[in-house]
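Enquirer: Taken in sequence, the protein lines are chains Z and P. Add 6 to the 1-based position in the first sequence for my numbering, that's all there is to it. Add 6 to the 1-based position in the second sequence for my numbering, that's all there is to it.
Simulated from the structure, these hints should not be mistaken for laboratory data. Take the hints with a grain of salt, since some may be wrong.
[What the hints assert, rightly or not] Pair by pair, the computed Cβ-Cβ distance ranges are: (1) Z/370 - P/228: 44 to 54 Å; (2) P/110 - Z/190: 43 to 53 Å; (3) Z/241 - P/261: 44 to 54 Å; (4) Z/314 - P/41: 22 to 32 Å; (5) P/101 - Z/228: 19 to 29 Å; (6) Z/293 - P/98: 21 to 31 Å.
[Unchecked claim] Partner residues aside, some chain Z positions facing chain P, computed with beta carbon under 8 Å: (7) 20; (8) 22; (9) 30; (10) 35; (11) 43; (12) 47; (13) 107; (14) 232; (15) 250; (16) 252.
Where a beta carbon is used, it is the ideal one built from N, C-alpha and C, also for glycine.
There are 2 protein chains.
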Amino acid sequence: MTPKNSLNFSGGPGALPESVLRLAQESIIEVPEIGLSVLGISHRSDWFSAVITELETNIRTLLGLPENYHVLLLQGGATQQFSMVPMTLLHRKTSPAEYIHSGYWSGKVLPEARREGPIRVIWSGEANGFRRLPEDDELLFSPDAPYIHYISNETVEGVQFDRVLGRDDVPRVCDMSSDFLSKPCEAERFSLIYAHAQKNIGPAGVTVVLIRDELLNDVPADLPGFLDYRSHSHAHSNFNTPPVFAIYVVLLVTRWLINEIGGVEKMAQINRNKAELLYRLLDSSNGFYRGRAESQDRSMMNVAFNLATPELENKFLTRAADAGFSGLSGHRAIGGIRASIYNAVTLSAVEELAGFMDNFQRLHTK
Amino acid sequence: MTPKNSLNFSGGPGALPESVLRLAQESIIEVPEIGLSVLGISHRSDWFSAVITELETNIRTLLGLPENYHVLLLQGGATQQFSMVPMTLLHRKTSPAEYIHSGYWSGKVLPEARREGPIRVIWSGEANGFRRLPEDDELLFSPDAPYIHYISNETVEGVQFDRVLGRDDVPRVCDMSSDFLSKPCEAERFSLIYAHAQKNIGPAGVTVVLIRDELLNDVPADLPGFLDYRSHSHAHSNFNTPPVFAIYVVLLVTRWLINEIGGVEKMAQINRNKAELLYRLLDSSNGFYRGRAESQDRSMMNVAFNLATPELENKFLTRAADAGFSGLSGHRAIGGIRASIYNAVTLSAVEELAGFMDNFQRLHTK
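All chains should be built: construct the whole structure from the sequences, respecting the hints.
Expert: Dropping the structure here:
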């Protein structure tokens, strides 16, 4: 029987690669080069400094990130970034920052941003149930905005931008929590990228921030140290005790991406193959499986769909659980089914799921 | 040879009990009751809700915590609490909150607190190198202070309060990061207690906050959600994705405290025995080992001492490392030697260290 971890289609915290889990497991008792549990090694040790340095280098390598970016590892999840971004960039601004409301998560960002300064929602998909994303001609970006903010992939509704939005003369800020390192992202076109780890790159508890040098000049003088990107940058992500284990696992994932997968281009190809397999299945199911997102905006990370009735969906989830699949319930906000196929979910796991879905359809079609 | 983990005298992140490490290790591949890696289980799962509930119950049981306290599990370490406390309790206040400056860490608190409102340092040990703590007659608490704040144990200098400070008509706030659950703490006499996990109760990445009900009424309306104790309380510490693994390990530690140790009274007796063994050795070394703190204020958690010269201290650290001991360097702020003997360091590990110290002294005394 296929191990349960490899059939984990959870929306997040998500699956991690088997080889990463093995090394993470070993480190709980003994980090080989140190002989101590990773949970008891000082964050001020040479070993941990080397972990931070290598992780930063790996992220730079994977994304081709220029030298004028800082790579920071913070706590507080994307939620903390919902506030830190406007605290930093909206300070004393009168023109509004521009936000795109493309789904459940970008809706969560808005009240946190509004608390810190003026913002303007320049497009919302709420009226259409977030089934599609804006076309270019629906987006009018102002040259006066302090920045533009959007979320590259919405995990709940399963829609994903396949291009970079905004204008080159306005700083772009992007929440890439759910597709970071799943594909190339043209990082150098953004002023600030943030991504919590628990989808594609590690366990819950650590958030990667890539921030362009000149943005640090804008940080207001009176922010608490832990909300000030400068403190974290000056301290090389060791301003206060960082989540050592979570960061170590993210390092292991970047090593896996580089050495076992061969980079983000290769990762993207694998992710495309996985997504296409499932979307082809939805499209050829004669309406048995009903994809949520419009085809052109479909996410390569979260395949959200419905069956004809809630009863049939429940039966699907029960049978899937019996067959060893987990994490397939849709987000509590909208229900339905969702197969999250982050980096660590293998093509063969997706093939197994497709096989199950084919079979379930056959059994439930007259 | 004794396993290296059991000879880890690090100031933090510190040692964890062997049995906890084994269970934590197992969970990286498979949480027995779920069959999935703990790193890939949803924070919205029934399993994780049960983890939070049991952990909260265990902390209540261990400390005899009354029902009118909330138990919260937050990110951001004690550092985030340095700001959250005054953000919450100093809002629109004109009388200063009263802070005690008893060492390196309570010095770090002051600028973060001052940023948020009026504070007054009512005692500082800086002039005497933080070798002693205030006596009762040196402390004049005002009945008008919004709260009093102090740190129960200073890890760098190795001084620890053995009593509760302040007045019953002014809220007491205490940073117990380095002695939480190492002994009974009369929790019901405090309005707010906070403790990051990485000394006595778990890995870096999670912070326990115990907050009395009525303090939630004082939270200003305009705080970001993640800095608002109410959001975390309403969401049962699941406001945004919590650090699932770190919280699970804290649960394992509380189970160990209850089932293997037998509670915090028993833990305190073990900790006293460990500390007394080392302090007796310092006191009977004829000045070869020189305890940093004055005897009446010595910490049961961090035994800080010096040898005659920095050269001899370096030799001590080298020989100790050769013998399998780790984490004995003093904090970078003051140097010297420090044996941190948190809950998970066993009496037999301390006996081994004492044996090594005796022997080192014999070899280096003419």
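Enquirer: Each hint needs a verdict: does it hold in this structure or not?
Expert: Results of checking the hints against the structure:
1. Z/370 - P/228: 44 to 54 Å: holds (52 Å)
2. P/110 - Z/190: 43 to 53 Å: At roughly 45 Å between Cβ atoms, residue 190 of chain Z and residue 110 of chain P fall inside 43 to 53 Å, so the hint holds.
3. Z/241 - P/261: 44 to 54 Å: violated (35 Å)
4. Z/314 - P/41: 22 to 32 Å: At 30 Å between Cβs, range holds.
5. P/101 - Z/228: 19 to 29 Å: holds (22 Å)
6. Z/293 - P/98: 21 to 31 Å: Because 59 Å falls outside the window, the suggested range is violated.
7. 20: With a minimum Cβ separation of about 6 Å from chain P (threshold 8 Å), the hint on residue 20 of chain Z holds.
8. 22: holds (6 Å)
9. 30: Holds, because the Cβ-Cβ distance from residue 30 of chain Z to chain P comes to roughly 5 Å (cut-off 8 Å).
10. 35: Where the cut-off is 8 Å and the nearest Cβ of chain P is about 6 Å from residue 35 of chain Z, the hint holds.
11. 43: holds (5 Å)
12. 47: holds (7 Å)
13. 107: Result: violated, 18 Å to nearest chain P Cβ.
14. 232: holds (5 Å)
15. 250: At about 5 Å, which falls below the 8 Å cut-off, the nearest Cβ of chain P leaves the hint on residue 250 of chain Z intact, so it holds.
16. 252: holds (6 Å)
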